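Line order of the protein sequences matches chains X and C. Under numbering that gives the first Met the number 0, residues 0 to 469 are what the first sequence spells out, in order. Under numbering that gives the first Met the number 0, residues 0 to 469 are what the second sequence spells out, in order.
FYI, nobody ran anything at the bench for these hints, they're computed from the structure. All of these numbers come straight from a predicted model, not from anything done at the bench. Possibly wrong hints are sitting among the right ones.
No copy is singled out in the list; a pair is fine if it fits within one copy or between any two copies.
What the hints assert, rightly or not - The calculated SDA-like cross-link candidates involving lysine to any residue, where the alpha carbons are at most 25 Å apart (straight line), are:
no. : residue 1 : residue 2
1   : Lys450    : Val186
2   : Lys42     : Arg1
3   : Lys281    : Glu403
4   : Lys453    : Gly184
5   : Lys453    : Gly41
6   : Lys299    : Thr225
7   : Lys357    : Glu101
8   : Lys453    : Phe468
9   : Lys357    : Arg221
10  : Lys435    : Gly191
11  : Lys166    : Pro296
There are 2 protein chains.
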Amino acid sequence: MRRSAISGFAKKAREFLGEEGVLQEEVDLLVYEQDGTLALRGKADVVVFPRTVQEMAKVVELAYNYGIPIIGRGSGTSLSGGGVPVTGGVIVSTARMNKILEIDLENEVAVVQAGVINDWINAYLARMGYQYAIDLGFQYMADPGSQRVSTIGGNIAHNSGGVKCFKYGVTVNQLRGLTIVLPTGEVRRIGGKEFEQAGYDLIGLITGSEGTLALVAEAIVRIVPTYESSVTILAKFADLPTAGRAVSAVIASGAMPVAMELMDKLAVEAVESGPYAAGLPKDAEAVLLIQVEGSLPGAKEEASKVAEVLRRSGASGVEIVEDPARAAKIWAARKQAFGAMGFVGPNYVVEDGTIPRKKLAEALMLARAAGAKRGLRVANVFHAGDGNLHPLILYDERKPGEREKAIEAGEEILEACVELGGTITGEHGVGYMKKKLLPKMYRREEIELMKAIKAVFDPKGLMNPGKIFP
Amino acid sequence: MRRSAISGFAKKAREFLGEEGVLQEEVDLLVYEQDGTLALRGKADVVVFPRTVQEMAKVVELAYNYGIPIIGRGSGTSLSGGGVPVTGGVIVSTARMNKILEIDLENEVAVVQAGVINDWINAYLARMGYQYAIDLGFQYMADPGSQRVSTIGGNIAHNSGGVKCFKYGVTVNQLRGLTIVLPTGEVRRIGGKEFEQAGYDLIGLITGSEGTLALVAEAIVRIVPTYESSVTILAKFADLPTAGRAVSAVIASGAMPVAMELMDKLAVEAVESGPYAAGLPKDAEAVLLIQVEGSLPGAKEEASKVAEVLRRSGASGVEIVEDPARAAKIWAARKQAFGAMGFVGPNYVVEDGTIPRKKLAEALMLARAAGAKRGLRVANVFHAGDGNLHPLILYDERKPGEREKAIEAGEEILEACVELGGTITGEHGVGYMKKKLLPKMYRREEIELMKAIKAVFDPKGLMNPGKIFP
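Looking at chain X on its own, in the form it has when it is part of the complex (with noise of 0.2 Å):
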């Protein structure tokens, strides 16, 4: 019956997107067996291009009237396997629903189809002086030369988060509206290019909802003005603790940093082994990268400031970049730390959680120690704005048992990421891979109450099923 169903809908979903508009040959749908999940596959049945909101609509009722389960994907960057087709069903894909369909500076937002790539607004916008504040031009796959980046209905899906949100806050922050498309291919306009809508907020209820409860078509996105300069602080310390309260001391201080990142000895160590070698200090145990923004004479002021709060909160040394070259490198080697993971194992599994600032040292030991008493290395990266921290724990697949020992160390640092005051997921979503944990955050009620507003848009539960709840 199954089959009947997906060819009964395949035949009618090519009669409005076309032959190249709808793939099932075995072929084809191999690409779509995997995210960036890298430990985890799914088979659909039937992958869709719809073009337009109208082709979207049309092609989701079609498969909910067939009841097929509605996967929907970006450009497939998702660690948590939220785009993987677990329960097999048709994959939308909103690849070419790439548009920029309108920028409107004096309403200071941009209107995109879902598909837009979240690096394109910026480098539309910058002859502008503008800037779409959520910065994800990271190239996630193991490939650094891969222009693979995620969407922004990607981004909305997981409510990321990226290397500005310590000031311009994450996704659901720049939202003003959206266009969904519920299960039953009914379309919503919801909110619009103001600030502030009346009724229930749905922008935020959809935002983060991972695919579960519609599809996401467009969106009004807020742009921000680029400031005139900004000046990177490169900063070294010996030990963790030491690095974890100068994040602290920093904030405290009333600095409004666009960005701070910190990476540890071994994520050092591997982007200063690859082609993006910044020159990043290998002697030290972690390095924290501030990025302050204004006038010239005020990013430069903020940037001696924050630079004397370094020096007393114990770094063993600081760097005011002022070289914009230099400053551009070390941001890009930031960028490609996962991709340049490859230098120091041959594979590896990353972790997204969240934790109180000031217990960033504590959660960097744990999460070394839980690699440890496994036998693997453990990497860590960390977004200081959101508390966000990426563990990236090393393995080789050709060593039998190591890829279950590297998830079950994932596992144990996303508990302790709960126990520490945070949460198991900062911008991935909790997907299929992190599903388990989630009765870790949510007492059962907490989760009831979200399964029974899923109901309300989803009464057949075919919105990526399979995600999100245990």
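Please build the complex by placing chain C on the supplied structure of chain X, with the hints as guidance.
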């Protein structure tokens, strides 16, 4: 039956709230017939004053089991009738839940009970160099000497903005965690001290829901460092379109003012007629107040840039107010604008809509026209940060029919806001007064979606009944 339910409820409530925690006398209930919405009254059956989350939970459970409507109430400054018990029932006042429970500077959060007055947090934080960024220290009520101001719980229920939202966002952007009481009396803790949460964003959903889903008992709010210095810029304009374009020009210039407020001629006249007169120019069609902050040199530099933009945009006068005492006087004048209306007319209706900023001049002229054709004068204050317009429609209640005309003019203005691409509420909620306008903003289907979500929380429909939904 209702009568016996009420006395049964009151008797049991007294057991744990004490005699002074339950009001039932006619004379006591009188105070709770109204909120800031002078045009609406309703009669509560009983008013209760829990002191803790547990007491709030117990009293809500009790009322729900008796089938009694539950109306949450902070300071009762609502301007949309949100706090008026139009169906009777029990008012759950947060007046005794007024404690600041914790200030955590390292995580930059404050933990407060829902009844804490907005102003108190800042009074408390000032000596630590911190602030809660939602500055609602207005005195909404007619008496400018009154110390009644809004509570954090009320701010959350309405997702309020305030003068600083241009830079810091609205209430939902300040929230990290909430403790809520469901209609069944069950307590749910959502979020925590961390930025991001796994699962659905229940905080966003509760914020702005005007007590129709659950009651807020406690909140964890982010606090931010106070800047070293601020500088105020005062500009005057000979006509509204020029003032509107100047607001857009300042935003497009990339400046990041903390506050940007516009008052029209009649609003200035009112303020300058009373004890808060601050020497604002009475000859201008519009006066724009802007505040920038930073280090002293940084703030001064930004102020001169903003002043230059204003001059180039056609301001007929621009003054950089460097004297902090004079600046404080000017902002106090702005904050007293509502109260000062008494100097230019005996009564007023205040409306609350948003508009796209570039439609400012158009909206102001429509507002005036809506009054003029009914023989009424309309003053306007405008938060440029979130495009939030507050028209103040003057009338004389001694003249038969004027009050009705004023309400009618208000509705016409809000409809115009929607037609200009805005909304029917910026921060005062939909409440009772504007529920019939909700269909101007949403289609039936979007409203049904909201009602379906309400039913998940409140199947009996007892939470603030008669509000938001038409």
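Checked hints:
Taking the shortest alpha-carbon separations for lysine 450 and valine 186, both the intra-copy value of 22 Å and the inter-copy value of 17 Å come in at or below 25 Å. In this homomeric assembly, lysine 42 and arginine 1 come within 25 Å of each other (Cα to Cα) only inside a single copy, at 14 Å, whereas the closest approach across copies is 59 Å. In this assembly of identical chains, the alpha carbons of lysine 281 and glutamate 403 never lie at most 25 Å apart, being 30 Å within a copy and 75 Å across copies at closest. Taking the shortest Cα distances, lysine 453 and glycine 184 sit within 25 Å of each other both inside one copy (16 Å) and across copies (22 Å).
Taking the closest pair of Cα atoms, lysine 453 and glycine 41 come within 25 Å of each other only inside a single copy of the chain (23 Å); across copies the shortest separation is 36 Å, beyond that limit. In this assembly of identical chains, lysine 299 and threonine 225 lie within 25 Å of each other by CA distance both inside one copy and across copies; the values are 16 Å within and 20 Å between. Proximity of lysine 357 to glutamate 101 under the C-alpha cut-off of 25 Å is restricted to the inter-copy arrangement: shortest distance 16 Å between copies versus 42 Å within a copy. In this homomeric assembly, lysine 453 and phenylalanine 468 come within 25 Å of each other (Cα to Cα) both inside a single copy, at 10 Å, and across copies, at 22 Å.
Taking the closest pair of Cα atoms, lysine 357 and arginine 221 come within 25 Å of each other only across two copies (15 Å); inside a single copy the shortest separation is 31 Å, beyond that limit. Proximity of lysine 435 and glycine 191 under a CA criterion of 25 Å is satisfied inter-copy only: 20 Å between copies versus 36 Å inside one chain copy. Within a single copy, lysine 166 and proline 296 get their C-alpha atoms as close as 19 Å, and across copies as close as 21 Å, so both meet the 25 Å cut-off.
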